[in-house]
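Asker: Make a model of the complete structure from these sequences and hints.
Those letters in the sequence shown? Residues 1 to 296, by the UniProt record's numbering.
Just so you know, these hints were derived from the structure itself, not from any lab.
Hints should not be assumed to be uniformly reliable.
Taking lysine to any residue pairs in the SDA-like style, the calculated list, with each CA pair at most 20 Å apart, reads [what the hints assert, rightly or not]:
1) 110 <-> 122
2) 110 <-> 133
3) 154 <-> 230
4) 154 <-> 233
5) 154 <-> 68
6) 154 <-> 64
7) 154 <-> 248
8) 154 <-> 124
9) 154 <-> 164
10) 154 <-> 71
11) 110 <-> 159
12) 110 <-> 219
13) 110 <-> 163
14) 154 <-> 62
15) 154 <-> 133
16) 154 <-> 72
17) 110 <-> 84
18) 154 <-> 118
19) 110 <-> 91
20) 154 <-> 83
21) 110 <-> 225
22) 154 <-> 92
23) 110 <-> 171
24) 154 <-> 241
25) 154 <-> 255
26) 154 <-> 120
27) 154 <-> 91
28) 154 <-> 80
29) 154 <-> 117
30) 154 <-> 126
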Amino acid sequence: MRGREAIAGYLFISPWLLGFLVFTLGAMVYSLVISFSRYQPATGVATPIGTANYERLFEDPMVATALGNTLYYAVLAVPLEVCVALGLALLLNGVRRGSGVFRTIFYLPKMTPTVATASVFLLLLNGNQGAINRGLAAIGIDGPQWLVDPAWIKPSIVLMTVWGVSGTMVIFLAALQQVPRDLYEVAELDGAGRIRRFWSITLPMISGAIFFNVLVLTIAAFQIFDQAFLLFHRDQVQASSDASVFYAIYLFQQAFRQFDFGFAAAMAWLLFLIVLVISLIQVRVGNRFVYYESER
Numbered sequence: 001m002r003g004r005e006a007i008a009g010y011l012f013i014s015p016w017l018l019g020f021l022v023f024t025l026g027a028m029v030y031s032l033v034i035s036f037s038r039y040q041p042a043t044g045v046a047t048p049i050g051t052a053n054y055e056r057l058f059e060d061p062m063v064a065t066a067l068g069n070t071l072y073y074a075v076l077a078v079p080l081e082v083c084v085a086l087g088l089a090l091l092l093n094g095v096r097r098g099s100g101v102f103r104t105i106f107y108l109p110k111m112t113p114t115v116a117t118a119s120v121f122l123l124l125l126n127g128n129q130g131a132i133n134r135g136l137a138a139i140g141i142d143g144p145q146w147l148v149d150p151a152w153i154k155p156s157i158v159l160m161t162v163w164g165v166s167g168t169m170v171i172f173l174a175a176l177q178q179v180p181r182d183l184y185e186v187a188e189l190d191g192a193g194r195i196r197r198f199w200s201i202t203l204p205m206i207s208g209a210i211f212f213n214v215l216v217l218t219i220a221a222f223q224i225f226d227q228a229f230l231l232f233h234r235d236q237v238q239a240s241s242d243a244s245v246f247y248a249i250y251l252f253q254q255a256f257r258q259f260d261f262g263f264a265a266a267m268a269w270l271l272f273l274i275v276l277v278i279s280l281i282q283v284r285v286g287n288r289f290v291y292y293e294s295e296r
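Answerer: This is the structure:
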């Protein structure tokens, strides 16, 4: 009976296993092979060239520029996304009547296609006639050229990213609803105010969700592509500033515009190692601050 159940189970998950082996694991192994080769997409022939592609990673100045832009974006976007998502979750957690309606409204930006969102933000961030600069002008602030000034290109992409933060918000909301109400009642009887209850009860109790979101958002930040591509690189022409060239953007350009698949594969594996190292550091450091109820 156990043998038949095991066979049935493997048969049910076989489509996923086949897809993983072919399109994920197989693609990773193949990309590792061609990263040590000069790949000709027209003929499908890969000529071994040793570590030349990896040596180019340290010789090409655009690799360092793209990696620096990506790191800058990650440092700017991840904390802001966490704070905004947590703030929205706290607001929704305090709503009693009509909470389902408000949750649906706050989640709608996540359901909006990225192309539509980029089109809207192209209008909002227009330096001359954009709604954001008009709003700033109404209160006496001269708005920047969001999409032209290199100093404001990455903040403009961060704004677009924060617009779709509702997925992170839902995770925080679920964590907040699992915090025992008894803890708040006891703290209130002891005279603890809202800020004290937030720092002493809410944050420790949802530290696992915070750790998870920071880890996932960091990985996503290093793979930033859609927002920057749709705002600055959707045309074949070169962007006006290198400030919008992120690592995944430059990888895409090397692979599908220069057709240098071997170098692009080497870039992909370098990104994999960077993300792996950063994730391991976050896990090592984050576990010291995460509260696990099972360890009480």
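Asker: Now look at each hint and say whether the structure bears it out.
Answerer: Going through the hints against the structure:
1. Of the pairs offered as hints, the one joining residue 110 and residue 122 holds, with about 18 Å between alpha carbons and a cut-off of 20 Å not exceeded.
2. Simply put, residue 110 and residue 133 have alpha-carbon atoms about 24 Å apart, too far for the 20 Å limit, and the pair is violated.
3. Our distance criterion of 20 Å between C-alpha atoms is met by residue 154 and residue 230, whose separation comes to about 13 Å.
4. For the hint pairing residue 154 with residue 233, the CA-to-CA distance comes to about 14 Å; that is within 20 Å, so the pair holds.
5. Pair hint residue 154 plus residue 68 holds up; C-alpha atoms about 12 Å apart against a cutoff of 20 Å.
6. With a CA separation close to 16 Å, the supplied pair residue 154 and residue 64 stays within the 20 Å bound.
7. Proximity of residue 154 to residue 248 is assessed by CA-CA distance (about 14 Å); at most 20 Å being required, the pair is judged to hold.
8. Taking the CA atoms of residue 154 and residue 124, the gap is about 15 Å. The hint holds against a cut of 20 Å.
9. Between residue 154 and residue 164, the direct Cα distance comes to roughly 16 Å. Compliance with the 20 Å bound is thereby established for this hinted pair.
10. The straight-line distance between the Cα atoms of residue 154 and residue 71 is roughly 11 Å, inside the 20 Å bound, and the hint therefore holds.
11. For the hint linking residue 110 to residue 159, the alpha-carbon distance of about 14 Å falls within 20 Å, and the restraint holds.
12. In summary, the hint linking residue 110 to residue 219 is supported, as the alpha carbons are separated by about 18 Å, within the 20 Å threshold.
13. Note on residue 110 and residue 163: the hinted pairing holds, with a Cα-Cα distance of about 8 Å set against a maximum of 20 Å.
14. Proximity of residue 154 to residue 62 is assessed by CA-CA distance (about 17 Å); at most 20 Å being required, the pair is judged to hold.
15. Of the pairs offered as hints, the one joining residue 154 and residue 133 holds, with about 17 Å between alpha carbons and a cut-off of 20 Å not exceeded.
16. Under the criterion of a C-alpha separation no larger than 20 Å, the hint pairing residue 154 with residue 72 is consistent with the structure, at around 8 Å.
17. Proposed proximity of residue 110 and residue 84 is supported: the alpha carbons are some 14 Å apart, at most 20 Å.
18. For the hint pairing residue 154 with residue 118, the CA-to-CA distance comes to about 14 Å; that is within 20 Å, so the pair holds.
19. This hinted pair checks out: residue 110 and residue 91 have alpha carbons roughly 18 Å apart, not beyond 20 Å.
20. Restraint check for residue 154 and residue 83: the C-alpha separation of about 18 Å stays at or below 20 Å, so the hint holds.
21. For a cut-off of 20 Å, the pair hint linking residue 110 to residue 225 stands: about 16 Å separates their Cα positions.
22. Of the supplied pair hints, the one linking residue 154 and residue 92 is violated, its CA atoms being roughly 29 Å apart against a limit of 20 Å.
23. Between residue 110 and residue 171 the CA atoms are separated by roughly 13 Å; this keeps the pair inside 20 Å, and the hint holds.
24. Between residue 154 and residue 241 the CA atoms are separated by roughly 11 Å; this keeps the pair inside 20 Å, and the hint holds.
25. The hinted pair formed by residue 154 and residue 255 fails the criterion: a straight-line CA distance of about 23 Å is larger than 20 Å.
26. Proposed proximity of residue 154 and residue 120 is supported: the alpha carbons are some 17 Å apart, at most 20 Å.
27. For the proposed pair residue 154 and residue 91, the alpha carbon gap of about 28 Å is over 20 Å, so the pair is violated.
28. Between the alpha carbons of residue 154 and residue 80 the distance comes to roughly 13 Å, so the proposed pair stays at or under 20 Å and holds.
29. Restraint check for residue 154 and residue 117: satisfied, since their Cα atoms lie roughly 16 Å apart, inside the 20 Å limit.
30. Of the pairs offered as hints, the one joining residue 154 and residue 126 holds, with about 15 Å between alpha carbons and a cut-off of 20 Å not exceeded.
Hint compliance for this structure: hints 2, 22, 25, 27 are not met, and every other hint is.
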